[in-house]
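Trainee: Now for the letters of each chain:
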Amino acid sequence: MSAFSLLAADSLWELFSRAISLRDYNTRVVLGGTTMLGISGGLVGTFLVLRKRALAADVVSHAALPGIAVAFLLAERLVPGSGRSTSVLLCGAFVTGLLGMAMTLAIRRWTRIKEDAALAIVLGLFFGLGMALFTVVQRTKTGNAAGLSHFIFGKAASMVAADVWLIGVVSVVIALLCCGVFKELSLLCFDEEFAAARGYRTVLLDWLLTLMAVTVTLIGLQSVGLLLVVALLLIPPTAARFWTNDLKVMSWLAAAIGGVSCAGGVVLSAAFPRLAAGAVIVLTGAGLFIVSLVFGKERGLWPRWQSQRQFEQRIGRSDLLRACYELLEPILGPDETTQESLTKYEIDDLELSAMRQWPAGRFHGLVSSAVRESLLAANSQSGFRLTLRGAAEARDAVRRHRLWEIYLLTQTDLDPRLVDRGADGIEHVLDPQQLADLERQLVTHLPQGIPPSPHPIASATIN
Amino acid sequence: MNESPVIDHEAMQEPQIRLVAVGATESEPVSPLLIEDVTVAYHHRPVLWNIDYQAPSGKLIAIVGPNGSGKTTLIKATLDLVPRAAGQVLIFGEPYRQQRHRVGYVPQRTSVDWDFPVSALDVVAMGMYRKIGWLRPVSRKYREAAKQALDRVGMVDFASRQINQLSGGQQQRVFLARALAQNADLYFMDEPFAGVDAATERAIVDILRQLRESGKTVIVVHHDLQTVHEYFDEVVLLNMRLIAAGPTAEVFTPDNLRKTYGGKLALLDQLGEKMAQPRSR
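Residue numbers (the working numbering), protein chains in the order written: chain S, 8 to 470; chain G, 42 to 322.
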């Protein structure tokens with residue numbers, strides 16, 4: 008918020024529009040490079056998440072820190088002034104990053120320490136070492152100005168064009184590589200053993216994936232910072248998974264989410280220079296993640312809740328209509344089971360609610376939604392009639408229920424008093440195909456139309 | 042290995058057919074699978090000792106043995122998935138490395154995470170990735186082949202279904218279809234009947250018989266002793282070492298089963314009695 012309070016409104020707008028309209032060459036380059044970074048991060052992250060190696064990226068980024076410090080110190084000693092070169096620093100980061108990764112694998116392989124503990128140990132070890140070395144760097148003459156702390160928190164906006172070109176090009180290479188070995192990586196993640204049996208060198212494939220993840224992590228250090236770069240790899244694929252069950256769609260979506268959050272983060276942090284770019288990028292991604300978590304078509308909370316609710320409503324509606332039919336059944340004449348005759352009789356409110364143990368609120372809710380959907384028509388103060396549509400549905404519901412009851416009675420040794428409840432649970436999930444099967448199986452036992460109930464229909468009268 | 046050969050007198054016809062694969066001539070058919078003196082150890086603890094076995098061609102073969110007897114390990118050692126401490130395996134007379142394209146593998150269904158974002162068709166296509174090659178997408182030709190494989194196991198209607206929406210039996214059939222899509226000559230299946238419904242079991246048995254009719258050899262890790270006689274021509278009884286191997290009628294005897302299962306099988310004697318009764322075939 009400090010960015011808002013310190014800037015006058017018009018200069019704020021000025022900055023913002025500069026950032027949005029990409030008037031500066033540097034902003035354009037940073038935007039392009041970082042967006043590519045987000046895209047490749049999303050792609051690589053998809054496989055990393057599916058391979059269940061998500062936290063490995065975190066170890067790599069933290070393990071990069073001592074490498075950066077050592078590379079700086081060495082370079083300054085050998086060629087004074089060369090310590091600020093990004094490529095030198097990234098080389099150091101690469102070495103210790105891989106070392107950290109290898110150490111995790113070694114601990115997992117040769118000791119009984121579990122993977123999560125191994126990751127935490129290596130992460131702590133390298134980060135501690137890095138922090139200690141950083142205090143050494145700070146004491147050197149050039150160390151303070153070297154901007155090494157950008158690697159910790161990230162500073163996208165201040166990157167120079169040459170660095171960004173490196174990031175952009177490497178990202179494009181990684182993204183292309185990822186697409187090239189898409190099949191093989193997906194097989195590795197799904198069924199490593201089968202891949203090995205088919206002759207794939209799974210160790211090499213695994214290393215390829217690790218190497219890509221390490222590379223994305225390292226080139227992401229400058230813009231996002233090592234604390235948050237892991238989010239660049241993990242948030243996009245996890246968010247994408249909520250929307251789809253297809254790996255191709257998921258990876259494209261992850262790439263898009265990664266790209267958008269990076270682009271958004273760069274624009275926002277260019278408009279508000281006091282906001283750390285890494286934080287803004289990750290927060291943009293997190294925002295997209297929350298949207299996906301709630302609204303994602305396949306696994307989001309809202310669609311799942313919605314379909315659950317629809318299912319319950321369908322069940323409630325069919326229970327209500329069945330109760331209507333069963334209430335009328337005793338007074339129907341032998342040739343009066345057609346839809347038209349069902350609509351002739353009045354159904355009493357109280358009698359209907361006594362057919363089943365509905366909580367009062369639920370009963371009224373069901374009735375009013377049935378009236379709204381014109382399955383029931385309000386007749387007088389306390390009564391209804393079934394509409395033609397309602398009568399048809401009521402007949403279907405009863406038929407479904409009874410068929411299933413008879414099936415349970417004839418095929419299993421269920422107590423006749425229990426079949427009603429058993430049928431209650433299952434009749435709602437019968438699809439037309441299964442219903443047809445059921446009819447075919449039972450047709451020898453059955454008269455046409457609606458079979459009579461195999462047990463007395465007890466209304467849940469209040470005792 | 043100074044261990045004396047553990048093949049018992051039961052496998053009497055064994056010695057004369059051993060070692061034909063090496064330098065086999067045109068007239069002698071090469072065995073689809075020749076296992077010679079294979080020993081496998083995990084962390085220095087041997088799990089398979091001196092296994093010798095030669096599979097006949099065009100047969101359905103069951104590998105039977107108690108839990109932890111090394112059935113899966115034997116398959117994995119054959120497919121170079123676990124290192125062998127000793128011995129060699131020849132597939133149609135050559136190392137597996139050179140014969141991969143002729144071998145189909147159906148791993149245990151529970152060995153993978155089925156909550157993976159792919160469809161049944163995608164999984165089946167994985168069987169053909171080697172054939173498709175690197176850097177190439179799955180073309181229409183291969184998608185059609187995958188569909189045909191799904192059709193063979195009665196799953197073509199589920200081609201685009203996400204795999205976690207399939208039942209256990211359906212998942213097993215998808216795994217089977219993946220191996221079928223390879224069109225191999227020798228198949229290894231690790232417990233394809235474990236936890237499947239009756240319909241799937243019938244479908245799998247039908248497939249096995251079709252494979253046999255077209256001259257393929259199928260080696261199946263099998264758990265249900267009741268169905269061994271009905272489904273399989275040959276049995277390999279395994280408990281860390283090879284107890285016996287050969288035609289089901291000769292080898293799958295109460296005596297051999299007792300040797301295989303030791304005291305581990307409480308129902309064994311009951312089953313033995315049942316089998317001692319003359320079988321109507």
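Be aware that a few hints might be false.
Chain S stretches covered by chain G per the calculated footprint, using a threshold of three residues with CB under 8 Å from any CB of chain G [claimed, not checked]: (1) 198 to 206; (2) 246 to 253; (3) 398 to 405.
Think about it this way: if two alpha-carbon atoms lie no more than 25 Å apart in a straight line, the pair counts; the simulated SDA-like pairs of lysine to any residue are [unchecked claim]: (4) S/K255 x G/K300; (5) G/K300 x G/M281; (6) S/K59 x G/E271.
None of these hints come from the bench; they were simulated from the model. Don't be surprised by glycine CBs; every beta carbon is placed ideally from N, CA and C.
Trainee: Now tell me if each hint is right for this structure.
Mentor: Status of each hint after checking the structure:
Coverage of a stretch by a chain is defined here by at least three residues with a beta carbon nearer than 8 Å to that chain's beta carbons; for the region 198 to 206 of chain S and chain G the count is 7, and the condition holds. A stretch counts as covered by a chain when three or more of its residues have a beta carbon under 8 Å from one of that chain; for the region 246 to 253 of chain S and chain G the count is 4, and the coverage holds. Judged by the Cβ-Cβ criterion of 8 Å, the region 398 to 405 of chain S is not covered by chain G as claimed, because only 0 of its residues qualify and three are needed. Distance restraint check for S/K255 and G/K300: the Cα-Cα separation of roughly 52 Å exceeds the 25 Å cut-off, and the hinted pair is therefore not satisfied.
Annotation: proposed proximity of G/K300 to G/M281 holds, straight-line Cα distance about 12 Å (limit 25 Å). With a C-alpha separation of about 42 Å, the suggested pair S/K59 and G/E271 falls outside the 25 Å cut-off, and the hint is violated.
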